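Numbering (my numbering), first residue to last: 1 to 137.
Do not take every clue at face value.
[What the hints assert, rightly or not] In silico EDC-like cross-links for lysine to aspartate or glutamate, where the CA-CA straight-line distance does not exceed 16 Å:
no. : residue 1 : residue 2
1   : Lys2      : Glu132
2   : Lys2      : Asp30
3   : Lys2      : Asp72
4   : Lys2      : Glu29
5   : Lys2      : Asp113
6   : Lys94     : Glu127
7   : Lys2      : Asp133
[Claimed, not checked] For each label pair, taking beta carbons as the anchor points, the in silico distance ranges come out as:
no. : residue 1 : residue 2 : range
8   : Val115    : Ile47     : 18 to 28 Å
9   : Val92     : Leu27     : 27 to 37 Å
10  : Leu44     : His122    : 21 to 31 Å
These aren't lab readings, by the way, just hints derived from the structure by calculation.
This structure is a prediction, so every number in the text was calculated from the model and none was measured.
Every residue gets a Cβ at the ideal spot worked out from N, C-alpha and C, and that includes glycine.
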Amino acid sequence: MKYLLDTDHCSYIQRGHSAVVSRLLTLPEDTNLLISVISQGELLAGIYQARSTRRRQELRRIYEEFLSNIADVLTVTPVVAEQYARILAQLVHKGTPIPINDIWIAATALAYDMVLVSADAHFHLIEGLQVEDWTQP
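Make the full structure from the sequences, and use the hints.
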């Protein structure tokens, strides 16, 4: 099974959220955990926004450790861009916009046929997207 971790779940893992960590420990050995380059950018932005050098260094260490356990960082491809355009149009027509970065993340999950792991309820507005929330035991 392949899972795309939304930025929120990347943060939960880095912080040791008990329900999320418990779920990770029950995953089959052949499970692939991946992130989008969009989530990578959001995580890095959080590091750069830290107020002190010491905090930035600590966050960078946690981030690097997290990244070493992820199978891959998925980039934006033409197929992802096509999914992005389709999702954006769908949401605009419904009058239910969601954050642009989240549309890119959802598009990545759809393009690569992955389950998106997120606690953000707005992902359920996207047709065909499989979503799991590991914060719920």
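Exercise for the section: Could you tell me which of the numbered hints above are not met by this structure, giving the numbers in increasing order? Expected result: Violated hints: none at all, because every hint is consistent with the structure.
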